[in-house]
Amino acid sequence: MDAGTLALLLSLLRLTTPLCIAAMGELVAERAGVLNIGIEGMMLVGALVAFAVGVSTGSGLLAVLGGISAGAALAALFAAFVLWRGADPIVCGAALNLFALGATGTFYRVLFPPELGHATAPQPGALVFVVLTGLLVLGVGLFLARTRLGLALRAVGERADAAHAQGVRVLRIRWAATLFGGACAGLAGATLVLWIADTFVEGMTSGRGFIALALVLFGGYRPLRIVAGALLFGAASALQFRLQARGLEIPYGLLLMTPYLLTLAVLALFASRVRPPADLARPFRPRV
Amino acid sequence: MLAPLGAIGIALVALGLLLLLLGADPLRALGALMGGAFGDRNALENTLLRMCPLLLVGLGVALAFRCGVWNIGGEGQLYLGALAASALATRVLPDAPALLLLPLVVLGGALAGALWGGIAAALRVGRGVSEVLSTILLNFVALLLVAYAVHGPLQEASGAYPQSDLFPLAAQLGLLPGTGRVHSGLVLALLLPAALWFGLFRTAAGLRLRAVGLAPEAARYAGIRPERELVRVLLISGGLAGLAGALEVSGVTGRLFENLSSGYGFTAIAVALLARLHPLGVLPAAAFFAALSTGSGAMQRVAAVPAVTVQLLEALVILISASFALPRRTD
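Same order as they appear, the protein sequences are chains A and B.
Our numbering applies: residue 60 is where the first sequence begins, and numbers increase by one.
Our numbering applies: residue 89 is where the second sequence begins, and numbers increase by one.
Label pairs and their computed distance ranges (CB to CB):
#1 LEU109/B x ARG231/A: 29 to 35 angstroms
#2 PHE126/B x GLY176/A: 34 to 40 angstroms
#3 GLY216/B x SER265/A: 24 to 30 angstroms
To spell it out: a stretch of chain B is covered by chain A in this simulated footprint if at least three of its residues, at any positions, have a beta carbon under 8 angstroms from a beta carbon of chain A; those stretches are:
#4 229-236
#5 399-411
Honestly, the hints are just simulated from the structure, not real lab data.
This structure is a prediction, so every number in the text was calculated from the model and none was measured.
Ideal placement from N, C-alpha and C gives every residue a C-beta, glycine not left out.
From just these sequences and the hints, can you work out the full model?
Here it is as structure tokens:
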């Protein structure tokens, strides 16, 4: 493999890995019937906490754990409003994104004032994250398709009432799925800081959470198809950077729109062919 | 009436606790915030200026949410309105007759915002794409379009900064008599809540819109076509945001640049929810968030609390309003 191909492959992995991680978390949440559009914010908070922990301890492992717990903590806030109070998930997800922007902006400026100089996070290496992503996909796939709990989770997403009648603890499963989704988003954010870039930048997720949401739909709620979609997406973006380096005539400013336009195009082509979980985004109130 | 005040109260207490955590004196910070929002004439005019876009976009969000349409794209629609208004004022029509120029610029901005909302509507009705994702993605595209425009085709003639040329005088909104900076577009913005209240609660079109929001399938049995209402409300909602963008460039900044909006499109969601999606309630809610946004600058200077901290407050108000103060939807 020559250096050019290797570079292209690496850039493909950098573009794909965070999307895959976040999408796996969202997949589990949505299969349980929880639509969480706040994963963008959870990624952002995960990125900042991973950065702060990484800078202060110098440990990549602690940084990753910090990112994961931060994402899960924000997901708990989301679940408290959506599952416990029965508030609208879309409104709350949008609010959580706003919350994450405000929180990361505030704490980044307080923790890392400009006079402190440029800080960099530890870099555990690409291999760690690629292997971790592979295990995550495998785990989620096997869990959903081959375990009793995975079956119960899918039942909760399709027919919460029926699952409840079967004795499945609907809200408990939804809580767990939401927390798992938040943890994955936090891990995806940590990946941004500990691999893709070595520092934190305000708003650095730049829509990756929303693209991951679209990928879940594009992949038809199946783990392997979501990975394939993410790879396709990453390949298109990597190719775009390549073309740009070759001095293509399209202005740079317009090329930056590619990921968003690509996502819109993919949604326009595939959204109507996919059947989401029947009870997605519907509140569940047990009869007592 | 009590629920929105409760939401504000809880959010303020949470903000106070956060300020304590950050090592700032909450009372001093809140005092600075109040002073920055209302302290003197200049502060008051700033608050009024910020209220204008929040009112317009907030009204649009309230209408869309009432219809069960999740338009999260106010920010992008506002930017597209500002972009179109600037293109018209500085490139396409700068030599148009003075009397026509301003109306054309403002109308062009509103139409561009409506177009941006219309794309999301077309994707939803034609291709089954949820408007939640499409409006969010279109926000990114709109911001990048503006960035491209001010670095490229619309950049000022001198090429010094990434911003458009200053609008010709005929394309700038006049000031309200007796004020130093407040543009006349605010009058229009202040009249709209009453007009939209009438439209929403006293006309057949408004009833159709609300019916679709409350129970789309029941509305369909009653002969209403939910798709048509969705398209209509996204056009209106986008148009209001586009109007806000056009007023911002022609009444406040006089030119287009990046970061023009300071998140009005997202704050507007908080405005609409705090108003319990009622057009008249948008008026005090917009005033509240405008004061918060103006005061946050002073809070940053005096109490060394980053201005973005108020976004936390906005998010909390949305969360609390959504779970306690919103009329429940019957599915």
